[in-house]
Amino acid sequence: MKLHLTLLAALLLPLWAQAQSAPGMLDGPIPAPIARPLLEQDPSVAGARATLDAARRESNILDASPYEWTARATGQRRRIENEANSNEWNVALERTIRLPAKAAADRKLGQATVDEAEARYGEAMHEAARDLLGLWLAWLQANANYELSKSMQQFAVDNLAAVQKRAKAGDAAKLDVSLAQSDLAEQRRQANEAKLGASLAWTQLHSRFPGFDGQLASFPNISALTQDSGYLQVRIREQSDRLKAAEAAWRSADAQAQRSRAERTPDPTFGVFSGSEARGRERLIGVSISIPIPSGSRSERAIQATHMAEAKRQELEAIRRQIGAEIDSSIVTVQSSYDGMQLAEESANSMRENARLMQRAYSLGEGDLQGLLLTQRQAAAAQQGALAAKTSAIKSYYQLLIDSHLIWGLEQN
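So the sequence shown is residues -19 to -1, 1 to 394, counted in mature numbering (1 follows the signal peptide of the UniProt record, and there is no 0).
It is worth saying that the hints were derived from the structure and are not from the lab.
Just so we're clear, the structure is a prediction, and the values are computed from it rather than from any experiment.
One or more hints might be untrue.
[Claimed, not checked] Here are the computed lysine to any residue pairs in the SDA-like style, where the Cα-Cα straight-line distance is at most 20 Å:
id, residue 1, residue 2
1, Lys146, Ser344
2, Lys176, Lys146
3, Lys146, Gln351
4, Lys83, Phe251
5, Lys83, Ala283
6, Lys89, Ala35
7, Lys225, Gln351
8, Lys131, Lys83
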């Protein structure tokens, strides 16, 4: 484990230094000027951005008092026996006052709401970035698999030519010719299937990210990892939008609990009023105050909110542990995938050379067709395995950079 951390950090250390001087401006496998607009235009990201705008409005609403001035006016006619009627009126202006503890809790709740929405927006960008990387690499792998199938088809064409040549010379049976023809037909079928796979992979990529540039059709290179640094786990944890969202959700629940505890004391309503009675001979001016008499439900709601805040705190702790395990797993996966890619490429190169030598030997009259076909199938399987290992290694490496927010401007979120 420690060795893997040592090897992994070597490649990322120069990137980390560059990220400190120009945060979020590192180029990934797809150049940032191309990738960033694709991410910004993704519907899930656009939706999260709209939610963030709404959360900011919600924060402004919570910061302001929920109460408004209330104007009240009444008019009446008093009938007095044996006297003239008295036209009387009364006007009042009232407002409920939010207590300071509730105002403080509302401000905390508003800020937590914005923080959670910002984290959700960052998480949407993060997930869109992972999807872009995954779909792009799947398309590259499908294209490479199609090219591999075409090369194997050419091998089958050359095999058939060699078998027919030996058959004419009386050195190969008609069965061998039939087997070579069947193998060529199978390779053509596989090539057609691989072509369809490449087309479907492009359709999925282009449907999700319509503005993607189809000229970005080559695998990026990754290097070996050789030095030590312990910053990576800390950085991924600090940059984790999922963790930030969970922390904000807990702060929001805690603020709501604080608000519910403060709500046990009702908000008072103050007012001023004026009136005219007794045919205008009496003028009334006064102040009023009213306070609701609290019931036990206020205390119950406060206790309920406290338990809900505790539940959010436990959820936060669970997410924190889960993310820690995922970070360790990702680091091990990067190094293991890189080692697997190296071994798979060595095996593929060896098997490809064996197939070439076997074909040459067969064309010179040595060996049998069954051995040639078996060798070429093994070479094809080894090359497909190497392609899958390469894709996996590149994907795990750049996913780690995405999780670290070192590419595509993700740190700016």
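Here is how each hint holds up against the structure:
1. Lys146 <-> Ser344: holds, 8 Å
2. Lys176 <-> Lys146: violated, 31 Å
3. Lys146 <-> Gln351: holds, 17 Å
4. Lys83 <-> Phe251: Given that 20 Å is the threshold and the Cα spacing comes to 17 Å, the pair holds.
5. Lys83 <-> Ala283: holds, 13 Å
6. Lys89 <-> Ala35: holds, 17 Å
7. Lys225 <-> Gln351: violated, 61 Å
8. Lys131 <-> Lys83: violated, 71 Å
The structure fails to meet hints 2, 7, 8 from the earlier list, while all remaining hints are met.
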